[in-house]
Amino acid sequence: VFIEQIFLRILESGNSTFQHKSRVLNVFYKLCTDATTALELFLNFDCDVDEKNIFERTVDCLSKIAQGKYTAAEHANVIQPHQEQELKLLALQALVTLMGSIVDWARRMTEDQKPTLGILGSAGQAEDGNSSTRNGVDSDDDARSEAAASLASGAASALPSAVSSLVESKQRKLELQIGVNKFNMKAKRGIEYLKLNGFLSDEPEALAALFKNKDLGLDKTVIGDFMGEDKPFNKQTLYALVDGLDFKGQDLDSCLRNFLSFFRLPGEAQKIDRMMEKFADKFCLDNPGRFANADCAFVLSFSLIMLQTDLHNPGIKNKMTKDEFVRNNRGINDGQDIPRDYLESLYDGVATNRMSLKEDEEARRRNESTQAQGVAQKLELFVKETENIVKNSEEMMKKVSRRGSVSYVTADSADHVKPLFEVACWPYLATLAVLLEMQDAEVSVGLCIEGFKHCIRIAARFDMDTERDAFVSSLAKFTYLTTIKEMKPKNIECIKALLAIGISEGNNLGPSWQYVLICISQLERLQLIGSKSKADFQFFQEDEAGQSPSSMASKPHASTAGTQVIKRRAHGLGVSALVALGVDDRQTELVNSEVVAALIDSTQIDMLFNKSKDLNSNAIVHFVNQLCKVSKDELALVDQPRIFSLQKLVEVADCNMSRMRVVWARVWRSLSTHFAEVASHQNLRVAIFAIDSLRQLSIKFLEKDELSNYNFQADFLKPFELVMVSTPGAGKEVKGFIVESISFITNKRGQNIKSGWKTVFHICYAAAQESGTGNEATLDVAFSILAKVTEHNYSLFVENFTDGVRALLAFGQCKAKLQLSLDAISYLLKAADYLADPTSPDPPPPPSSSLSGVAAPASTSGEGNSHPAAHWFPILRGLSMLVSDPRREVRQAALNGVFDVLKDRGSQVFDEDTWRMVFNGVIKPLFDDIHHQLLPSDKQDSDAANSRSDSWAGASQSMGPATCLEALTQLNRLFEAHLDSLAFLLEDVLRLIQNCIQHEYEALARIGVEGLKQLLNGTGKKLKPESWQKVTKSILLLFRDSMPTKLMHVDIKAPCSVVVIVVVVVVLVVVVVVAAVVLVVVLVLAVLVVVVSCYCCCCCCRHFRANRFAASVLHLLCLLIT
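Start counting the sequence shown at 1; every next residue gets the next number (UniProt numbering).
Think of the hints as simulated: they come from the structure by calculation, not from any bench. Some hints could be false.
Claimed, not checked - Subject to a maximum C-alpha distance of 30 Å in a straight line, what follows is the list of computed BS3-like cross-link-like pairs (lysine-lysine):
#, residue 1, residue 2
1, LYS317, LYS231
2, LYS788, LYS704
3, LYS700, LYS613
4, LYS815, LYS830
5, LYS212, LYS278
6, LYS214, LYS231
7, LYS186, LYS173
8, LYS718, LYS748
9, LYS358, LYS69
10, LYS358, LYS64
11, LYS52, LYS358
12, LYS248, LYS173
13, LYS477, LYS613
To be verified - Pair by pair, the computed Cβ-Cβ distance ranges are:
#, residue 1, residue 2, range
14, LYS248, ALA206, 52 to 60 Å
15, SER531, SER164, 54 to 62 Å
16, ALA269, GLU387, 33 to 41 Å
17, ASN318, GLU387, 26 to 34 Å
18, THR410, PHE233, 23 to 31 Å
Glycine residues also receive a C-beta, built at the ideal position from the N, C-alpha and C atoms.
Build out the structure end to end from the sequences listed, making use of the hints.
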C-alpha cells in the first residue's frame, strides 16, 4: 500500500513538488540500505502470481528518475533544473546503495552459515583469504570482493526447496505475463498460450474470471472485442462474466459503471447490443420489480451510455439537459414513465462521476498535468491525486484484510539474490550506461562506476553469463581504450575500475575476460606511446632488401614501403577491424597516452597477470583462452605486429606451471595451439620469437620429473611437432630453429625427458622429411639427436623403439646427404642386433599399424602387437624399401643388411609363421619394387613417375638388373643356409623366380634363369623328392609358357577366334575387289595410250613424207611410248 499507492504515485506524478519527491526518494534511499527489505518485497510480491511486481516497479521508477525520463513539461512549473539534477542524484544513490547492501547482506548470510558449509565453506574461505592479500586495490574493492566471494559459496550449494519454489513461482508469473502480452496482440493466441501453460481451463467461467482481474494488464479493448463476437464460446464468456457480478440493491448507473469497468465497449452496434442485452437481463434478475421488464433496463442503459458520451465529450458543445434526458426516456417501462426523481438521480450520477476506465482516467490526469499552467493549478491537481491515493489505499487495505492471513516469506538465503538481479539488471544497466555517458560530475561518475562494480560482482558470482558480459563490455566501452576519442577523468576511472574488477573477480569473469584483456592491451599500447618507447613492430621489422616484390605484395595488411601507415585494431559490437590512423587520430592518441601515463599505475597490469596463479581451475582456462584471442588480434598486421599479449602468455604459463597436471593440460592445450599458429606468422622474427618462448617454457617445465605411464611431457612438446608436421605456413627457417631448440632441450634436460622422447623422435622424422637444398644443417642437427640417443643412451631408444626406427628410416631415405643415410642404416642394423639378443628386454609393443598390410597368423590374430614380427617388420620392410634407392652405396648397404639380418638372426628368432610373414611382407615387395623400376617409363604408375626426377629414373634403369641379380643371389644363399627351416617356402621362392623369368623385360628374364640355376646348384643335392617334384613342375610350367604354341593353332570355337576369322575374310575380299578394279583401270589406260600413239604416228608420217628418215624416227618413238 505505501510503496505502490503512495510513494510511487508521488514520484510518478507530474504535479508533486520537489519537496515531495525528495522526501520520498530519501525514504527509498533508507529502504535500500537494508537489503532484507528489498529482498522480501521481491519474494512476497514479485514472486507471487497473485501480486503486483512491487520491487520491479520500484527499480523502474528510480531508474527513470535517475535518467530524467519524465518529461520536463510536467515539472516545468514546480521543479527547477538544479532540483531535477538533485533528484537524479538521489535516485542514483538509492539504486547503487541497494546493490551494495545486497552484496554486504550476502556476505553476512554466508558468514552465519559457515559452520554448515563444510568443505565448500572452507574452500571459500581459502579463496577469500587469497583475494584479501592483494596490494594496490582500494579497501572498498577488498570488502566487496570478500562479500562477492561469500556469494560463491551460496551459489555452489544446492538450491533449498523454498528458494526453488520461489524461482518456479517467479517463472510462472513470467509465463503469465507472456500470455497476457500475446492476448493483447491477438486474443485467440493469448488464450491458447494460457491454456497450454495451465492458467486457463476450457470453461468460459475461467476466462471470465481472468477478465475480472484488473491487475494483470489485459487490454480492455481486446476484451470488449472478444466478448462482443457472435460466437458460442465468446458469448458464453460474456454471460459468465455478467452472471458473476452482483447487482442486488444497486442503482442502474452504479451497476453499469461496474460492468463497463472490465472492458471497453466495442465500436460495432451489434456487439454493444448483445452486451447490454445480457446486462439488462442480469440487472432485472437481481432486482425484480425495479422495472416492468428487461427491455426497460436495456433502453435505459443505452440512454445512460449516450448521456455519458454527450456530457463528457469535449467535442460536443450543446450538452444534453436534465429535462431532455427525462423526455427521451418517457414510456420505456412497458408504456409507463419511470419516476422523474429516479431519472434525475441517474443524470446527476453520470454528470458528477463519469463512466470511464481507470486507464482513461490516468491518461486524462496526465494530460491535465501537462497542460496545467502555474503552481496553483499543479497544486490543485496534486490535491485531487492525493484524494484518489487515499481512496485507493483504503480499498486496497480492505481487500488485504478480507484476504486473511497470508504466509510471509523471509529472506534467509543468498540464493535469493540471483532471481532478484535477473529482474533488476537491465534497468540498472540502462541507468548506469546512460548516466556515465552523459554525466561528467565526479559524484555521479563515482556512483555509476560503483554501481557497475556491484552489478558485475553479483552477476559474476552467480554465473549469470549474459548479464555479466553486458556489464563488463559496457564498462570497457566507457574506458575509450578501444575507440579514438579524447579521454576524460571518468574514462580514467573506468579503466581503474576495470582493472580492479579483473583483480578481485577474476575467478568468475569467464569469457568476459576478453573485454578486460582487450582494454589492457590497448592501455599498454598507449603507455608505450606516452613513454616515447619503441613500438613492438619496430623490433620485428624484417630486412626487405632480400625480399622479392612478389613476396612483399603477397603479405596481407602490409604497409606500402616508404609510406608506412600506423594502424590499430578497433573493436565494436562483437567485431573488430584494422583501421589506419590519420593525423588527428594520432594527436588524440598522443594526448590520451600522456593522460594514461600520468594517472594509471602500470604495476596494476603486472599485478593482474601475476595473480593469475591465484585463479581457480576454470578461471585460468578462460583467462588463457581470451588472452590467446587478444594476442591473435595483436599479430594480425604482418608489418606492425604487437607481442604484448604473447609475452604475457609466456609469463602466465611460467607462473601457472606448478598447477595440477590435469588443469595444466587444459591450459597448455590452448597455449600450444596458439603458439603453433604464431609459428606460421608471415613475419619470420615473430615466428622465431614464438618458438624461442616455447623453448624457454619447455626447459622450465622439464625441470620437474615425470612419473611412469604419463604423457605430460609429450603433450608439452607437442607444439613443436605441430609446427613441423601440420602447419603449412611455417618456413624452413622456423623449422630449422625448432630442430635446434629441440637439440638444445635434449642437451639441457635430456636426463628429465621421458614421454617427451616420443615427440622428439617425431620431430626428427619430420625434419628428415623436409630434406632439400639449404636444409643440410637442420638434417645434421636432427640426426645428431638420434645419434646421441643411439650411442650414449640406448635404453631411451628402446623405450621409443617404433618411433626411433621410423625416424632412422626417414633419414635412410633422405637424398640430401649420403653419409646420413648410411649411418641410419647402420643404426637400423644395430636395432636388429638388439632385438636378436635374448638377454635384452623387449621394447614396448608397437602400434597395430606396424603390421598393417601383413596378415597375422591365425594363432596370434588379435594379439598382433605381441607377435615377434611386430618389432622386426618395420626394420626389415624399411631396409627392403631402401633397396630401391638410386644411390648405389645406400642400395648395396640396405640389400646386404636385410639379407644379413635374415640369414644371421632369422633362424634364432623366427618361427614358420614369422618367416612366412617376412617373405610376404619384406622379400616379395622388395622384388616388386625392383621389377617396377625396370619397366619402361610409360608403363610405370603416373604418381611414381612424377615423384622421381629424370636422373633418378635413369639411375633406376641402370641399376635394376644388377640389383635384381644381387637380390636373387642373396635370396638363394639365404634359402641354402636355412634349407631345413625354409623348405616350406620353396614353392614361394620358385614362384618368385618364375615371375622374373616370365617378365617382359629380357634382361630380367635372363637374371631369373640365372637365379634358378644358382638355386638348383646350391640346393639340388639337399632337396627331398617332394621338393624336386615342385622344382620339375615349375620347370615344366616355364617350358609350357615359353613355347610358341599359340601360333600353331587357332581355336575356332572361341568367340574371339570367330571374330578374327570373319575380319580376315572380309579384309581378303576387300583386297581382291580393290585389286580387280585397279587392274581394269590399268588395262583401260593402256588401250587409250596405244590408240593415241598410233594416231600420233600416222599424223607424223603424213607430215614428214619428204623426209623418210625423220618419219622413221618419229614412228620408232611412238612405238617406244606405246
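Verification of the supplied hints:
1. LYS317 to LYS231: violated (39 Å)
2. LYS788 to LYS704: holds (22 Å)
3. LYS700 to LYS613: holds (16 Å)
4. LYS815 to LYS830: holds (22 Å)
5. LYS212 to LYS278: holds (17 Å)
6. LYS214 to LYS231: holds (24 Å)
7. LYS186 to LYS173: holds (20 Å)
8. LYS718 to LYS748: Holds, because 18 Å separates the two Cα atoms, which is no more than 30 Å.
9. LYS358 to LYS69: Distance of about 23 Å is within 30 Å: holds.
10. LYS358 to LYS64: Holds, because 23 Å separates the two Cα atoms, which is no more than 30 Å.
11. LYS52 to LYS358: holds (17 Å)
12. LYS248 to LYS173: Violated. LYS248 to LYS173 sits at ~35 Å, over the 30 Å cutoff.
13. LYS477 to LYS613: Distance of about 27 Å is within 30 Å: holds.
14. LYS248 to ALA206: 52 to 60 Å: violated (24 Å)
15. SER531 to SER164: 54 to 62 Å: For SER164 against SER531, whose Cβ atoms are near 55 Å apart, the range 54 to 62 Å holds.
16. ALA269 to GLU387: 33 to 41 Å: Holds, since ALA269 and GLU387 (Cβ atoms, about 37 Å apart) stay within the stated range.
17. ASN318 to GLU387: 26 to 34 Å: The hint (26 to 34 Å, Cβ to Cβ) holds, given that ASN318 and GLU387 are roughly 31 Å apart.
18. THR410 to PHE233: 23 to 31 Å: violated (44 Å)
In the structure shown, a violation is registered for the earlier hints numbered 1, 12, 14 and 18, in ascending order.
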